[in-house]
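Top line first, the protein sequences correspond to chains A and B.
The first sequence begins at 20 in the numbering used here and counts up one residue at a time.
The second sequence begins at 193 in the numbering used here and counts up one residue at a time.
A few of these clues could be false.
[Unchecked claim] Derived Cβ-Cβ restraints for the label pairs, each shown as a range:
(1) B:Arg262 x A:Glu132: 31 to 41 Å
(2) B:Asn259 x A:Val254: 44 to 54 Å
(3) A:Glu142 x B:His263: 15 to 25 Å
(4) B:Arg228 x A:Leu23: 31 to 41 Å
[To be verified] Here's a subset of chain B near chain A, in silico, CB distances under 10 Å, partners left out:
(5) Ala215
(6) Trp223
(7) Val225
(8) Ser237
(9) Val245
(10) Leu246
(11) Ala247
(12) Val249
(13) Ala256
Calculated directly from the structure, the hints in this document are not laboratory data.
Owing to the predicted nature of the structure, the values given are computational and were not obtained by experimental measurement.
Built from N, CA and C at the ideal position, the CB exists for glycine as well.
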Amino acid sequence: MDPLTLAIAAAPSFVASAVEFVEATTIVLAVGITRGWRAPLAGATLAALTLAVIVATLGVALVTVVPERLLLGLVGALLLLFGLRWLRKGVLRFAGIVALHNEEEIYRREVAELRAQGLRRTEWDWVGTAVAYKAVLLEGTEVAFIVIAFGAAGIAAMNAAIVGAVAAGALVIAVAALLRHPLTAVPENWMKFVVGAMLSTFGVFWFAEGVGARWPGDAASVPVILGAFLAASWVATRILAGLLPDGARVEARNV
Amino acid sequence: MPREIWDNVYGLLVDDGQLALGAIAALAVTWLVATRGTQAVREDSGWLLLALVLALVVANLYRAGRNARRHVS
């Protein structure tokens, strides 16, 4: 498999994984600092293993069982649905309609809740384990989905997607372990927006190929499709800025 | 926990129901055009899907902006 295809599989996994690991690390840090490190690290490791099993079983099943055309259509449709969700939220956040994700605030709220629950020192901290397990599993599900979708091109692509996700996870965990503080400086909205645009692009590209369409220059059309998504997002952001110059900061599900 | 997993899996693909339904409709239209049309139409159906999805994104965000304006006014 050529380096471009591998990069296409690894890059979205890396960026999406970095964003989701930042969010999960905030919770694990909150648990570790308030209740000790053994339980949350055990919970996070268990969740990572659960995700690895999900990727291995679903990923291998998809690659080996589903016919290529159907696989392109299926993966394309799922990527489009998933990507449009992140793209929409990114644009709404840029326009100030929806509040930006605030790791500092989430961290403080989580610490307060965990302190309120207390800890009996003689027992294994099941609360800490469960909170860390849930946070890593739920945030990691999105990464698993992206890894499976981009890895569906074959074993090499699957490996590249896994390497991208694991590298981002290792980087975020290393930085968080050094700082012992939530990673507030990471431009999460920009990263989510870019991944949303990339996923939507590949969703359109692969679904169309699945139904028999031909793109001029094949993969050379990908930057054109990506540019069209970025242009549409820019137009939408300008429209929203005109509708609500001061923003609104409401819940995403309320708009 | 199972409820939360389901919510997360559902939320993975659907944040705004109308956007998800619109995307599914765009995919269905493209599939119909590609399977019923001539070979030339089928080969160009990707551009149709792109145009439909871009129109959907802009229209959905415009609606979201109007809804948000109603919330704050």
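Verification of the hints:
{"no.": "1", "hint": "B:Arg262 x A:Glu132: 31 to 41 Å", "result": "holds, 33 Å"}
{"no.": "2", "hint": "B:Asn259 x A:Val254: 44 to 54 Å", "result": "violated, 19 Å"}
{"no.": "3", "hint": "A:Glu142 x B:His263: 15 to 25 Å", "result": "violated, 46 Å"}
{"no.": "4", "hint": "B:Arg228 x A:Leu23: 31 to 41 Å", "result": "holds, 34 Å"}
{"no.": "5", "hint": "Ala215", "result": "holds, 6 Å"}
{"no.": "6", "hint": "Trp223", "result": "holds, 5 Å"}
{"no.": "7", "hint": "Val225", "result": "holds, 8 Å"}
{"no.": "8", "hint": "Ser237", "result": "holds, 5 Å"}
{"no.": "9", "hint": "Val245", "result": "holds, 6 Å"}
{"no.": "10", "hint": "Leu246", "result": "holds, 4 Å"}
{"no.": "11", "hint": "Ala247", "result": "holds, 8 Å"}
{"no.": "12", "hint": "Val249", "result": "holds, 5 Å"}
{"no.": "13", "hint": "Ala256", "result": "holds, 4 Å"}
Going through the hint list in order, the structure does not satisfy hints 2 and 3.
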